[in-house]
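Number of protein chains: 2
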Amino acid sequence: MNPNRKIINTAGTVIISSASAVGGKEYEGPLGACFDFHDPDDRFGQKTFEKSESEMQRLALASAMGKCSLTPSDIGALFAGDLLNQCVSSAYGLLEYDIPYFGLYGACSTAAEGIILASVFVSNKLADYAAAVTSSHNAAAERQYRNPLEYGGQRTPTAQWTVTGAGAFVLAHNENVTPDRVFAAVEDVFPGIVVEKGVTDAANMGAAMAPAACDTLLSFFEASGTSPEDYDMVLSGDLGSEGQIILGELLAASGVSASEKLYDCGMMIYDAESQDVHAGGSGCGCSAVVLASHILPKLKKGELSNILFYGTGAMMSPSSLKQGQAIPAVAHLLHLRSPKAGVK
Amino acid sequence: MNPNRKIINTAGTVIISSASAVGGKEYEGPLGACFDFHDPDDRFGQKTFEKSESEMQRLALASAMGKCSLTPSDIGALFAGDLLNQCVSSAYGLLEYDIPYFGLYGACSTAAEGIILASVFVSNKLADYAAAVTSSHNAAAERQYRNPLEYGGQRTPTAQWTVTGAGAFVLAHNENVTPDRVFAAVEDVFPGIVVEKGVTDAANMGAAMAPAACDTLLSFFEASGTSPEDYDMVLSGDLGSEGQIILGELLAASGVSASEKLYDCGMMIYDAESQDVHAGGSGCGCSAVVLASHILPKLKKGELSNILFYGTGAMMSPSSLKQGQAIPAVAHLLHLRSPKAGVK
Chain L
-10 MNPNRKIINT
0 AGTVIISSAS
10 AVGGKEYEGP
20 LGACFDFHDP
30 DDRFGQKTFE
40 KSESEMQRLA
50 LASAMGKCSL
60 TPSDIGALFA
70 GDLLNQCVSS
80 AYGLLEYDIP
90 YFGLYGACST
100 AAEGIILASV
110 FVSNKLADYA
120 AAVTSSHNAA
130 AERQYRNPLE
140 YGGQRTPTAQ
150 WTVTGAGAFV
160 LAHNENVTPD
170 RVFAAVEDVF
180 PGIVVEKGVT
190 DAANMGAAMA
200 PAACDTLLSF
210 FEASGTSPED
220 YDMVLSGDLG
230 SEGQIILGEL
240 LAASGVSASE
250 KLYDCGMMIY
260 DAESQDVHAG
270 GSGCGCSAVV
280 LASHILPKLK
290 KGELSNILFY
300 GTGAMMSPSS
310 LKQGQAIPAV
320 AHLLHLRSPK
330 AGVK
Chain F
-10 MNPNRKIINT
0 AGTVIISSAS
10 AVGGKEYEGP
20 LGACFDFHDP
30 DDRFGQKTFE
40 KSESEMQRLA
50 LASAMGKCSL
60 TPSDIGALFA
70 GDLLNQCVSS
80 AYGLLEYDIP
90 YFGLYGACST
100 AAEGIILASV
110 FVSNKLADYA
120 AAVTSSHNAA
130 AERQYRNPLE
140 YGGQRTPTAQ
150 WTVTGAGAFV
160 LAHNENVTPD
170 RVFAAVEDVF
180 PGIVVEKGVT
190 DAANMGAAMA
200 PAACDTLLSF
210 FEASGTSPED
220 YDMVLSGDLG
230 SEGQIILGEL
240 LAASGVSASE
250 KLYDCGMMIY
260 DAESQDVHAG
270 GSGCGCSAVV
280 LASHILPKLK
290 KGELSNILFY
300 GTGAMMSPSS
310 LKQGQAIPAV
320 AHLLHLRSPK
330 AGVK
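The listed protein sequences derive, respectively, from chains L and F. Using the numbering used here, the first residue of the first sequence is number -10, and each one after it goes up by one. Using the numbering used here, the first residue of the second sequence is number -10, and each one after it goes up by one.
Please keep in mind that the hints were generated in silico from the structure rather than gathered at the bench. Mixed in with the good hints, there may be bad ones.
You can't tell identical chains apart in this list, so a pair holds if it fits in one copy or across any two.
What the hints assert, rightly or not - Lysine-lysine pairs mimicking BS3-like chemistry, simulated, CA-CA at most 27 Å apart:
#, residue 1, residue 2
1, K287, K250
2, K114, K(-5)
3, K36, K311
4, K290, K(-5)
5, K36, K186
6, K56, K(-5)
Keep in mind that this is a model prediction, so the values were computed, not measured.
All chains should be built: construct the whole structure from the sequences, respecting the hints.
What follows is the structure in structure tokens.
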């Protein structure tokens, strides 16, 4: 392993609040009841899909701050990004909050990237509280990356469905909060490198992202001296069913058996039988809303004790694909632990 | 001032290397001799402008690492971003370097944003060395944001000229390097908030960004108890002549006289008389190459002693403008000091 791949200890960092806003299809899915806000027509009162996405970010952060009784002036750093060109969902959606703003572009790894950087700020006491926000919107993403929905393009079996949703997270140093407010401790973080293995099919993000996921997981297991057995769950953001199969095979080829521990937010958020999403959900919002509203409450309750969560991002653009380039991807990892230590 | 606007002390952080690659017009400008690489036809051996931009990033980082005798495996974190959709210049340009990768989107503030985050990593000893890279390419930016160059569109007097260039920076903790290797110490960093004051003219970025610049400068002066008099130079990334005039007026309206200290990378890189760039240079690459190859050497030599450098970014997209939204902007600030303390 490259000597620069080091686990970053973020001791003291805890996630104290999270919130989500989703569209109609996500609300109809198996996790629908978990989410804080939803709009059946995906509009959130806005006239364009892009503005709807911004509004979801605004709502998610407002709710996450409200749940832990904080205001924008308490938050020392905000890490945000999204899939739209120039990350405008974040720039406009979070404009009303006067919080020092770090714009990110990590494609679908943005939730993990943002929480990593927020953890670094909190752990090193550069901010009392820090926040991370991200989003995606199916209709906005489709018309930017592929075709407008009205075009009615057919989708291939490996295609994923971009989640309409935004998730927000508030992090603190555990010295600043009482233990009952903690959803999860961010024990360590492990940023990924960019990996590109020649996949050029924009309708198969899982295949493009699986090698980056494999690289990050193998490097983390080696650096930490752990294996999948040590965790309740090794949870990806949006590899989808295709990507998860490829990841399992890549790990097995390196002698790591993980398949019973591999879970994917993109495979949890929709019902594969009835919702016609092919390989599963995707988009920055996918991992963000599932982590915010499904996984973190389980960690708080002790239903999950010790997990790895990693976000994978495919960093191509429609232009780069047209210019014949393959899809580069990155996977950023978080090691999260329940505040109910020892409870499983 | 909002209590969450705090100066982040980055004690121990030093910039030990930097490098730049530019196009033909930048080479012909008054700073042309400073830059490490240039290509008169802006292509760098690539078939598309977007790939040329990636190649400039690759070259700039290779050169910055080479100058300080480091390899990718020495660098613990890489912060990079650019202006292209999905930041593909960075994702592809830096793909060959196996360095933990944090994708950023800060528009033209990316050089400052990246150096801020790299400083946080180095100062808190999360990485022995960290790097920041950014770029822009005139032809790639024009066809993405406005019109292809072949269209021959007229430019308004307030328009700026997107710089073709990439800059890279390598940062270290001063415990890891001998003093003779230091170009500048990063004393403090001060991230900005997103500010939008109703400017909708995409051909007047200076006006859109000046309020964010003013907010960051006034907040920093208040938080630090300093004034423009305390610095040799208060240097913006690419406000341009229009933005600098507006900034001077905004500061004066708040009782701060700074006009003799205000400088702008965008006004330095081209000859206003002969190069027909209207309000000056702009783009992520503008501040990056001027800082990398003109300002940092002056700090190393002691020709500059104590400066503020801030990058301003306009975070709109062509789509957000078409949807009637104004231009949000952010300004991130660095306080840099010469290693020749006391020498001016």
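Okay, the hints, checked on the actual structure:
Taking CA atoms no more than 27 Å apart as the test, K287 paired with K250 passes inside one copy only; the shortest distance there is 16 Å, against 55 Å between copies. With identical chains, the CA atoms of K114 and K(-5) are at most 27 Å apart both within one copy (21 Å) and between copies (12 Å). Only between protomers do K36 and K311 lie at most 27 Å apart by alpha-carbon distance; the minimum there is 13 Å, versus 31 Å within a single protomer. For a Cα distance limit of 27 Å, the shortest separation of K290 from K(-5) qualifies neither inside one copy, at 30 Å, nor across copies, at 35 Å.
For the homomeric pair K36 and K186, the shortest alpha-carbon distance between copies (22 Å) is at most 27 Å, but the shortest distance inside one copy (40 Å) is not. Taking the shortest alpha-carbon separations for K56 and K(-5), only the inter-copy value of 24 Å comes in at or below 27 Å, while the best intra-copy value is 34 Å.
Violation of the numbered hints given earlier is confined to hint 4; every other hint is satisfied by the structure.
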